[in-house]
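Enquirer: The residues making up each chain are set out below.
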Amino acid sequence: MNEIPLPELDNDGYLCNLQDWSPTVATILAEQNQIELSDAHWEVIDLVQQFYREFELAPASRALVRYVQQHLGKEKGRSIYLLQLFPPHPALMVNKLAGLPRPANCF
Amino acid sequence: MTSMLCISRHTPSGNALAREALDTVLAAAAYEQDIKLLFMDDGVWQLLKGQQPSHINQKDITKNLSALPIFGVEEVYVHEPSLQSRGISRDSLSLNNVQLLTNEQTQALIASQQHILSF
Amino acid sequence: MSTLHTVNKSPFTDNCLHSCLLLCTNEDALLLIEDGVYGGTSQSPCAEDIRAKIQLGVSVYALKQDTLARGELQVLEGITLIDDKDFVRLSCEHQCIQSWY
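Protein chains in written order, with this note's numbering: chain A, 1 to 107; chain B, 1 to 119; chain C, 1 to 101.
Keep in mind the hints are simulated off the structure, nothing from the lab. One or more hints might be untrue.
[What the hints assert, rightly or not] Stretch-level coverage of chain B by chain A, calculated; a stretch enters the list once three of its residues show a Cβ under 8 Å from a Cβ in chain A:
id : segment
1  : 19 to 33
2  : 52 to 63
3  : 66 to 72
Heads up, the beta-carbon is just placed ideally off N, CA and C, and yes, glycines get one too.
Please take these sequences and the hints and turn them into a complete structure.
Expert: Structure (structure tokens):
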């Protein structure tokens, strides 16, 4: 799987073009970041892409937690849950794996 | 916490001010600041439904504006006389959780703030 | 708390000054700068509104350099011409500044 060349990335490792995204690309990016994608990961990645379609913005930390709360419930809409899935920084990592730009104002 | 009000008074497509106002508000919200947004004068055009800015190669600010609550900006105000003088009804606004203000209410809002950001 | 309003557009082409006067309270101050100084002249479309605000206790100023630079303007009675130092002082004296532009 690693033999598939990755599409163009920016300096922070985010896809330059959302159109280049595919589940395979997400899996490779995840592996490079020592993350093995499970259904729990995909559920959040899908949701973040939905966020982007709805608002044309990549969610920063607080917006991500709130959106997950609204759509996947309180148990999953917590920083600690998202941190376990997407360390070390959930908002940055999940946007990266979802092929979205780096969220603004996110540290 | 310092109270801040961002006043957005310019059209959505004519220049970058509308977007800069929104970016500023989102940045302040990311820092968990007490930030409110007021639309008045030509700024109210930003809220009009049915904008198709792709025709002039611009992004749709309406979608970004609808993200304000999820980014933690709960207080969004609209100067009602600005709507009236432009013939815009509340029904034609793309955001429905905004508060319409009279001149007197707008004066009181401005007077109650510690900082004003003018766009 | 009081607000310092600055206006930098001519009222002959722009409604900045009109909007400002709509929301300026009696405790506030108004400073005309750049092309905004045309708003403080006797033929200004807002001349009457400015006179009324002055009557109500609003302090109205125009930046001297910007006024002199634009020729022999008939500045309304009651408008104080000030320099940059006064501008800084006014900025410090007021809680907020709202720039109408």
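Enquirer: If you count the residues of the segment 52 to 63 of chain B with a beta-carbon closer than 8 Å to a beta-carbon of chain A, do you get 3 or more?
Expert: Holds: 3 residues of the segment 52 to 63 of chain B have a Cβ under 8 Å from chain A.
Enquirer: Within the segment 19 to 33 of chain B, is the number of residues with a Cβ closer than 8 Å to a Cβ of chain A three or more?
Expert: Result for this restraint: holds, n = 7.
Enquirer: Counting residues of the segment 66 to 72 of chain B with a beta carbon closer than 8 Å to any beta carbon of chain A, are there 3 or more?
Expert: holds (count 5)
This entry satisfies every hint, going by the numbered hints stated previously.
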